[in-house]
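Engineer: Build out the structure end to end from the sequences listed, making use of the hints.
From first to last, the protein sequence lines stand for chains A and B.
Just so you know, the working numbering puts 8 at position 8 of the first sequence, and the rest follows in order with no gaps.
Just so you know, the working numbering puts 4 at position 4 of the second sequence, and the rest follows in order with no gaps.
Take the hints with a grain of salt, since some may be wrong.
[Unchecked claim] Calculated cross-link-like contacts (lysine-lysine; reagent style DSBU-like; alpha-carbon spacing at most 30 Å): (1) A/K70 to A/K11; (2) B/K69 to B/K49; (3) A/K57 to A/K70; (4) A/K57 to A/K11; (5) A/K57 to B/K49; (6) A/K70 to A/K53; (7) B/K69 to A/K11; (8) A/K53 to B/K100; (9) A/K70 to B/K100; (10) B/K58 to A/K57.
[To be verified] Coverage of chain B stretches by chain A, computed from C-beta distances (three or more under 8 Å per stretch; other residues unrestricted): (11) 45–59; (12) 100–106.
[As the list claims (entries may be wrong)] Here are the simulated distance ranges between beta carbons: (13) A/R111 to B/Q10: 35 to 45 Å; (14) B/P12 to A/S7: 34 to 44 Å; (15) B/L46 to A/S7: 15 to 25 Å; (16) B/N68 to A/G16: 46 to 56 Å; (17) B/T5 to A/G16: 34 to 44 Å; (18) A/T26 to B/P18: 31 to 41 Å; (19) B/S80 to A/S7: 20 to 30 Å; (20) B/L46 to A/R111: 21 to 31 Å; (21) B/L46 to A/T26: 17 to 27 Å; (22) B/Q10 to A/N28: 37 to 47 Å.
FYI, nobody ran anything at the bench for these hints, they're computed from the structure.
Predicted model only: the values in this text are computed from it and were never measured.
Don't be surprised by glycine CBs; every beta carbon is placed ideally from N, CA and C.
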Amino acid sequence: DAGITQSPRHKVTETGTPVTLRCHQTENHRYMYWYRQDPGHGLRLIHYSYGVKDTDKGEVSDGYSVSRSKTEDFLLTLESATSSQTSVYFCAISESDPSSYNEQFFGPGTRLTVL
Amino acid sequence: AQSVTQLDSQVPVFEEAPVELRCNYSSSVSVYLFWYVQYPNQGLQLLLKYLSGSTLVKGINGFEAEFNKSQTSFHLRKPSVHISDTAEYFCAVSRHNTDKLIFGTGTRLQVFP
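Structural biologist: Right, here's the structure in full:
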C-alpha cells in the first residue's frame, strides 16, 4: 500500500470554525490531490498540488484553501466551515508527469461533520 | 470537457452470479481509463487500468474490463461474484498529457447469499 496517512480520521466541528485536514505521504510523489466524496456525486477535486508551493484549484474549490510547504505534506483548510462542507475528504498522490498516465493512490479518508 | 457516466447507482446480485458494471465516457481525445473499488469505510483502491494495447484488461480479484472506443465505454465484469465483492465501484478517466482524474458517481454492488 502507498504510504499515505490522513489526520484526523474523524472530526465534528461547528459552523464558522476553521478546520485543517492533513495529508502525509512517504512516497516522495510529486502530485497530491484533495477530493471530497458525497452521495450521488462521486469524488470531486477540490485542489491539487504539482510540487512544493505549487497548487491549483479543482472543480469545487470555493471555501477551501491548501498549502504545501514540504513534499510530504498537503494541508486542506476550511477557513470558516459550513454545513455544506460535511463530507468525506480523501487525499491522493500520483507520481506521474504529463507524459505518463495518471494512476492515483488514495488515503483512508477523513470524515468531517459540520454542525 | 470530459465526463464519466455510470448508469447504475446500485446493482444487486446473488453470490456466484455474473455481473457487469457500466461506464461510459465522453472525450474527443485519447484517454486513460480506470476502475477503482471502495470497500466500506476505506479509501479507493485501483482495480484495473487501460492505458493502451489490448482492449481487454484484467485486474485484481477476478475483475476485467473491456475498452470499446467506438461506444466510448469501459464496462467492468466478473463472471462469478463473492460476498466480499460488496463495495462501491468508481470509473475514472484521464485525458492524455493531463494530471487530473474525472470520476463517475459510482455504482454500489451488493452481493447477496
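Engineer: If a hint holds in the structure, say so; if it doesn't, say that too.
Structural biologist: Hints, verified against the model:
1. A/K70 to A/K11: OK: A/K70 and A/K11 at ~24 Å, within 30 Å.
2. B/K69 to B/K49: Answer holds: B/K69 to B/K49 is near 15 Å, not above 30 Å.
3. A/K57 to A/K70: holds (19 Å)
4. A/K57 to A/K11: OK: A/K57 and A/K11 at ~24 Å, within 30 Å.
5. A/K57 to B/K49: holds (26 Å)
6. A/K70 to A/K53: holds (8 Å)
7. B/K69 to A/K11: Violated, at roughly 43 Å.
8. A/K53 to B/K100: Measuring from Cα to Cα gives roughly 18 Å; hence the hint holds.
9. A/K70 to B/K100: holds (21 Å)
10. B/K58 to A/K57: violated (34 Å)
11. 45–59: Check passed, 4 qualifying residues.
12. 100–106: This one holds; 6 residues, not fewer than the three required, reach chain A with a Cβ under 8 Å.
13. A/R111 to B/Q10: 35 to 45 Å: violated (22 Å)
14. B/P12 to A/S7: 34 to 44 Å: holds (36 Å)
15. B/L46 to A/S7: 15 to 25 Å: For A/S7 against B/L46, whose Cβ atoms are near 23 Å apart, the range 15 to 25 Å holds.
16. B/N68 to A/G16: 46 to 56 Å: holds (49 Å)
17. B/T5 to A/G16: 34 to 44 Å: Check passed, 37 Å falls within 34 to 44 Å.
18. A/T26 to B/P18: 31 to 41 Å: Cβ of A/T26 to Cβ of B/P18: about 40 Å, so the range 31 to 41 Å holds.
19. B/S80 to A/S7: 20 to 30 Å: With Cβ atoms ~39 Å apart, the hint is violated.
20. B/L46 to A/R111: 21 to 31 Å: holds (22 Å)
21. B/L46 to A/T26: 17 to 27 Å: With Cβ atoms ~19 Å apart, the hint holds.
22. B/Q10 to A/N28: 37 to 47 Å: holds (39 Å)
Of the numbered hints given earlier, the model fails hints 7, 10, 13 and 19; all others are met.
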